[in-house]
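Spelled out from the first residue to the last, the chains are:
There are 2 protein chains.
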Amino acid sequence: MPRFPNFAHRVESITGSVFEKYRSKMVAQGENLIKLHIGDTYLPPDYDLPVDKNLLADHPDFNRYCNTFGFEPLRDALTVKLKEDNSLSVNRDQILITNGATNALSISMMALVQPGDEVLVLSPAWPFFFGMVQIAGSKIIEVPFYTRLFDEPELDIERYLAEFITSKTVAVYLNTPNNPSGKVLSQPQLEQVARVVQKNNLWLVSDEAYDGLTFDGQTHVSIATLPGMFERTLSVFTFSKSFMFAGLRLGYVVASEDVVANLNKMMVHQLYSPSTLAQQMMVEPVKTRRQWLPSVRNHYQMLRDLAVDIIEIDLHTPDAGYFIFFPADKYLRGRNYWDVIEMCLENGVSIAPGDSFGKDFSHYIRLCFTGEPEERLCVGLARLNDILG
Amino acid sequence: MPRFPNFAHRVESITGSVFEKYRSKMVAQGENLIKLHIGDTYLPPDYDLPVDKNLLADHPDFNRYCNTFGFEPLRDALTVKLKEDNSLSVNRDQILITNGATNALSISMMALVQPGDEVLVLSPAWPFFFGMVQIAGSKIIEVPFYTRLFDEPELDIERYLAEFITSKTVAVYLNTPNNPSGKVLSQPQLEQVARVVQKNNLWLVSDEAYDGLTFDGQTHVSIATLPGMFERTLSVFTFSKSFMFAGLRLGYVVASEDVVANLNKMMVHQLYSPSTLAQQMMVEPVKTRRQWLPSVRNHYQMLRDLAVDIIEIDLHTPDAGYFIFFPADKYLRGRNYWDVIEMCLENGVSIAPGDSFGKDFSHYIRLCFTGEPEERLCVGLARLNDILG
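Residue numbers (my numbering), protein chains in the order written: chain A, 138 to 526; chain B, 138 to 526.
Check before you lean on any hint, since a few could be wrong.
One copy or any two copies: either way a pair holds, since identical chains are not told apart in the list.
[Unchecked claim] Computed cross-link-like contacts, DSS-like style, restricted to lysine-lysine with a CA-CA straight-line distance of at most 30 angstroms:
1. K276 <-> K158
2. K424 <-> K467
3. K162 <-> K496
4. K172 <-> K162
5. K158 <-> K467
6. K496 <-> K172
7. K190 <-> K424
8. K276 <-> K218
9. K467 <-> K162
10. K218 <-> K496
11. K305 <-> K220
12. K172 <-> K467
13. K496 <-> K158
14. K336 <-> K276
15. K220 <-> K190
16. K162 <-> K190
If you're looking for bench data, these hints aren't it; they were derived computationally from the structure.
I would like the entire structure built from these sequences, with the hints used as guidance.
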């Protein structure tokens with residue numbers, strides 16, 4: 138049974154923060170309120186910290202617990218970014234700051250699905266998502282999708298996806314720009330996905346981690362901007378890719394207030410909140426992104442062009458992101474796939490095996506063209522050519 | 138059925154990082170290995186960062202994904218801290234860095250218990266732990282414990298806990314120093330808990346978040362140091378309390394290699410890893426803790442003495458931590474408990490309601506004596522006295 142607009146049972150049974158119901162009374166008190174309710178320290182750390190003293194002076198609470206929905210100036214900066222870059226007009230309360238997109242996807246599954254449910258995972262898909270569906274107790278229905286769209290851009294998506302939907306389907310996992318294939322869905326393609334989701338009354342988890350990194354002037358469209366989609370979509374973004382700060386572990390999810398409140402209940406039980414300091418550090422970069430992001434994107438596009446040019450493999454040029462994903466079977470020349478993967482390692486180049494991205498991709502290989510400096514990338518690709526080319 | 142040394146089914150069904158099996162081959166290649174397998178960027182963030190330039194120079198990978206088990210220099214520094222401060226002799230692979238103690242407790246429940254199981258929660262207990270047990274699908278068995286030990290230090294713990302154990306009991310949640318009561322268990326008391334756990338073949342989750350903050354020269358004993366306990370104990374620590382950095386969201390769990398590997402599988406599916414930069418920032422403070430921690434502890438002890446002195450309530454002086462926890466029923470004078478809680482808020486002082494800490498404590502109140510500067514603490518306590526005293 139479709140569940141939208143309801144949530145998994147585990148969410149309904151869990152209370153959120155103890156203090157949530159008193160929030161308005163607390164806010165009304167302002168500075169007068171002496172807070173003895175939360176376990177915290179008023180002292181700053183009593184040791185040297187390698188952080189800019191101006192940041193610490195601007196944010197005397199840098200070491201303390203943050204609002205678990207997110208640092209408000211960061212959420213405010215993101216409302217502007219979402220409007221300008223994604224055509225998503227949302228308010229602060231429709232944004233939840235998470236511990237990376239990983240955490241946003243994890244709590245999405247915990248909040249939406251449960252044992253007995255089925256989740257359509259359009260594939261190839263980011264490996265950890267499969268485990269998240271399993272941990273939430275639900276069944277993964279893999280739908281080979283993005284690579285097929287390179288070959289059949291006119292595929293009747295509505296009809297195709299309908300083949301995989303049953304009475305147990307509760308949610309669809311969409312990821313465009315796609316990791317690993319680099320496929321970016323066009324607006325007409327997204328409209329078909331949206332129709333399927335609405336017609337079957339499903340939730341949609343839209344993983345937009347590679348937002349901001351489309352090449353050749355292509356545009357990434359957030360599916361939540363399509364009519365009737367906002368209320369049933371969880372749009373997931375990250376600071377790991379276009380903001381170049383994977384190590385900071387910061388992301389965010391955009392959804393209705395009701396969804397945000399229920400995702401937050403799951404998040405506080407996994408990790409309480411993302412880092413206060415990390416959130417404070419990202420306010421300015423969100424505001425200045427148009428000054429520095431275009432040159433980053435151009436640099437990645439140059440690396441993509443270089444990689445596509447060097448590698449002696451038939452492949453689809455990725456529209457966006459970090460990766461090239463190709464079927465390797467015709468380059469094995471009788472060798473075992475896994476032996477070739479190991480041979481790559483032994484020859485000094487590591488690539489990701491395809492089966493992590495879905496059961497239909499066990500003959501594929503994924504390589505990242507942004508993780509190594511240009512010169513080393515070229516050496517790595519030459520090593521791959523020696524083995525596969 | 139006791140499950141030790143096995144794990145919940147959800148763990149057995151999930152694979153860890155795709156690249157785990159190739160780790161030794163990768164390490165063997167060293168700098169020669171050109172890494173095209175992970176989705177990462179070799180570029181540092183292209184915008185100003187409010188972080189000490191020396192830290193960034195020392196750690197050129199500050200913005201990149203970290204080993205999901207933790208930044209190795211931090212784990213190495215913690216092996217020294219654990220030996221010197223907790224008498225726990227462990228190696229690096231017996232430590233998992235987590236996103237705060239919250240995250241360590243969350244993944245502990247996800248890895249150890251499942252529907253049909255019972256978890257003994259010694260109470261009063263940290264509120265979020267109850268939700269973690271529920272999210273893992275297990276039944277909470279509350280055992281009123283810490284406050285009782287103030288009145289009955291000679292309680293026969295072994296016999297008392299045995300009353301709550303059934304054939305479905307899989308794990309016990311122990312928290313000493315205790316939040317909210319401030320009780321610190323003595324070694325003889327811990328030995329009794331240890332005997333119950335071993336006799337019934339249970340897992341033990343030992344929440345030691347207030348490690349380092351015992352007063353009056355009292356010692357906190359890590360239960361994992363008792364004979365036969367290490368292999369069945371998950372010892373959980375944090376940087377939020379004695380390291381005064383709750384906002385950084387960093388903690389760690391100490392356990393056998395097998396437990397650490399299975400906890401890591403759950404963690405990577407919740408949030409991938411804690412922040413690389415946060416881990417790099419904490420290496421030095423771990424090493425220098427003996428220079429600054431005693432004065433922090435003394436300051437908190439002074440605040441505790443001040444609070445106990447000012448407040449006109451009968452209470453047990455806490456042995457450790459941040460809190461005073463007392464039964465408020467005899468101060469209600471016919472008023473409704475919740476009306477009094479709201480009256481406190483309206484009079485500019487917030488306290489935590491007791492029922493969050495367990496069903497037996499709905500007439501209690503918890504207050505934190507470390508979250509506000511001395512002067513404001515005194516004002517807050519005077520306001521409380523006006524209402525309750």
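With identical chains treated as interchangeable, where does the CA-CA distance between K496 and K172 reach 30 angstroms or less: within a copy, between copies, both, or neither?
-> Close across copies (24 angstroms), not inside one copy (53 angstroms); limit 30 angstroms.
With identical chains treated as interchangeable, where does the CA-CA distance between K162 and K190 reach 30 angstroms or less: within a copy, between copies, both, or neither?
-> neither (34 angstroms within a copy, 42 angstroms between copies)
Go through the copies and call it for K190 and K424: within, between, both or neither, with a Cα cutoff of 30 angstroms.
-> Answer is both; intra-copy 21 angstroms and inter-copy 22 angstroms each pass.
Indicate which option fits the pair K276, K218 if close means a Cα-Cα distance not exceeding 30 angstroms: within, between, both or neither.
-> neither (35 angstroms within a copy, 44 angstroms between copies)
Same-copy or cross-copy closeness of K158 to K467 [CA-CA at most 30 angstroms] | Between copies, since 26 angstroms is at most 30 angstroms while 61 angstroms is not.
Indicate which option fits the pair K172, K467 if close means a Cα-Cα distance not exceeding 30 angstroms: within, between, both or neither.
-> Close across copies (23 angstroms), not inside one copy (66 angstroms); limit 30 angstroms.
Go through the copies and call it for K218 and K496: within, between, both or neither, with a Cα cutoff of 30 angstroms.
-> neither (36 angstroms within a copy, 45 angstroms between copies)
Within, between, both or neither, where K336 and K276 count as close if Cα-Cα is 30 angstroms or less = Within one copy only: 21 angstroms inside, 38 angstroms across.
When no copy is named, should K162 and K496 be tagged within, between, both, or neither for a Cα gap of at most 30 angstroms?
-> between (53 angstroms within a copy, 25 angstroms between copies)
When no copy is named, should K424 and K467 be tagged within, between, both, or neither for a Cα gap of at most 30 angstroms?
-> Neither, since 47 angstroms and 54 angstroms both go past 30 angstroms.
From the Cα coordinates, with 30 angstroms as the cut-off, is the pair K276 and K158 best called within, between, both, or neither?
-> Classified as between: cross-chain Cα gap 26 angstroms, same-chain 35 angstroms, threshold 30 angstroms.
Tell me, please, which holds for K172 and K162 at an alpha-carbon limit of 30 angstroms: within, between, both or neither?
-> within (12 angstroms within a copy, 53 angstroms between copies)
Hints 2, 8, 10, 11, 15, 16, counting from the list given before, are not met by this structure.
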